Amino acid sequence: MAIDSKVVARAAHLARLRVDDSETAELSARLNDILGMVDQLQQADVDQVEPLAHPLEVSQPLRDDRVTEPDVRDKVLPLAPASEDGCFLVPRVIE
Amino acid sequence: MSHSGNWEVVIGLEVHVQLATESKIFSGTSTRTGDEPNRHASLIDLGMPGTLPVVNKEAIRNAIRFGLAVNADIARRSVFERKNYFYPDLPKGYQTTQLAEPIVGAGEVEVQLENGDKKVVRIHHAHLEEDAGKSLHEDFHGQTGIDLNRAGTPLIEIVSEPDMSGAEDAVAFARKLHSIVTSLGICDGDMSQGNMRFDVNISVRRPGEPLGTRTETKNLNSFRFMEKAIALEVARQIDVLEDGGEIVQETRLYNGETNTARSMRTKEDANDYRYFPCPDLLPVMVSEEEIQTLRDELPELPDARKARYIEQYQLSAYDADLLSGSIATARYFETAAEHGGDAKLAANWVMGELAAKLNAEDKDISDSPVSAEHLGELIQRLKDGTISSKIAKQVFEACWNGEGSPDRIIEAQGLKQMSDSGELEKIVDQVIADSPAQVEDYRNADDAKRKKKIGFFVGQVMKATQGKANPQQVNQLLQQKL
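If you read the sequences in order, they're chains A and B.
In terms of our numbering, the first sequence opens at residue 1 and continues consecutively.
In terms of our numbering, the second sequence opens at residue 1001 and continues consecutively.
Derived from the structure by calculation, the hints contain no laboratory data.
Since the model is a prediction, treat every value here as computed from it, not as a measurement.
Be aware that one or more of the hints could be misleading.
Only pairs whose alpha carbons sit at most 20 Å apart, straight line, appear in this in silico SDA-like list of lysine to any residue [stated by the list, open to error]: (1) A:Lys75 <-> B:Gly1050; (2) B:Lys1463 <-> B:Gly1422; (3) B:Lys1083 <-> A:Arg10; (4) B:Lys1092 <-> A:Arg18; (5) B:Lys1057 <-> A:Arg10; (6) B:Lys1118 <-> B:Pro1162; (7) B:Lys1228 <-> B:Gly1208; (8) B:Lys1092 <-> A:Pro91; (9) B:Lys1083 <-> B:Asn1219; (10) A:Lys75 <-> B:Glu1036; (11) B:Lys1057 <-> A:Ala12; (12) B:Lys1092 <-> A:Ala12.
In isolation and in its complexed conformation, chain A is listed as follows (with noise of 0.2 Å):
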């Protein structure tokens, strides 16, 4: 797949990073270098390999199901922008 300004454009919104139109032709650029690179890696041979989920070869440490984490809410209310009534405020959501 190649990528254009108008991909580019897109997966910046969907990441909400503010991306210039004068910079998207170069960074089309770029992700097709990398894509081409993926193309390279697509050529393997894995029907014998596992999907990779993780490069360690561990599992995941579960824990007990305990409470261990204290109520922070005065700490950390106060670095939001705005809050009210413990609540953190927001621009109004509508669905």
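Given chain A, work out where chain B should sit, using these hints.
Chain B in isolation, oriented as in the chain A frame:
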């Protein structure tokens, strides 16, 4: 609008089940509800830089328990992924969930329909994920308040195959899932608190035709709303198609108060979630031994409980179904039956008087003012002849109103059935002496008529004893004396 010809309805469900763990799925924060906003939102839940998730063992075990209960394959290895989207109640900017390698694979659930038919609904898979926080739109003068207490609460999302062909199937399946997860003890099952939430995928087609375009009605949190929302959407789709229109694949929101639904105008690219394996979490491995232990420890499931009620208590299939479906009802019934020493009486009371009262006051059986032990005591008194069934209802009422245990109520209000035949005899004699005309009438009647006419005297005696006499005993005495 009436619809022409046959339409087939195809329904699949996605069910979110909140797991009843103490702490969240990726942090040691309490999952308690009902507290002030953001009291249970730790740095991990808030998505602060530098924090790392650690998986809650009990969440994994609960998901496996569900899988075992629906005869599903349990993945020895499952992988958490990031589902990326921006929303204020999702502080990390992604939901940690499972996609390609979920913990529970294909399984199945058997449901019973109202006409007694059985139907199998296949489970496609079930995966583990975290819940989001809550957005509060009221009371913040034009802004939205965010409460992250719920963020990170463990969920399993159960995805069914499109095996249901109408609202009845779908509701039966949903109820069965509710029964299974509450019997397993992995979910509190309080629908009003959002412990279980249903997304319904609906499409319609003419028989024999390929599947139609489906819509998804999201976040239904009661069986009744689910039934209504399905009826509404099926009718809408058929209307559109019969008018020559096309169904647009979309997400719809149902409003239970107005029984209406509307399309959620989500942007086209909002569904590009760019999933990838979460680099902060390693694959979760489950050993054969662990699975076997969980299998051995599985509690009694609804189907087994129903079979036991029929066998052990000689209940009808219908009664057994009603009493075994909800774990709360089942526990109540069994305790009442045990304390009362009579399962059939207990079944009748639970499905009769108690159900009617609970219904009338919109109460859950776990909040019943009459405890199962008290109902058992009442049944005991009924069985040993201390009270008549008429008085029993009066005692039940008093017990419901918080006047104490049945024994105390019977004692305090002097409701004991008159068992002293000497005292009863006096009253019978008195009634006979007071009603010479009726006595004359009775004596002149033939046997068949007498049976009717004796009712008058029984009534008089019951009135004189305020219902405390044993009707059979009264009948006997009257027959002797008249």
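Violations among the numbered hints: 5, 7 and 11
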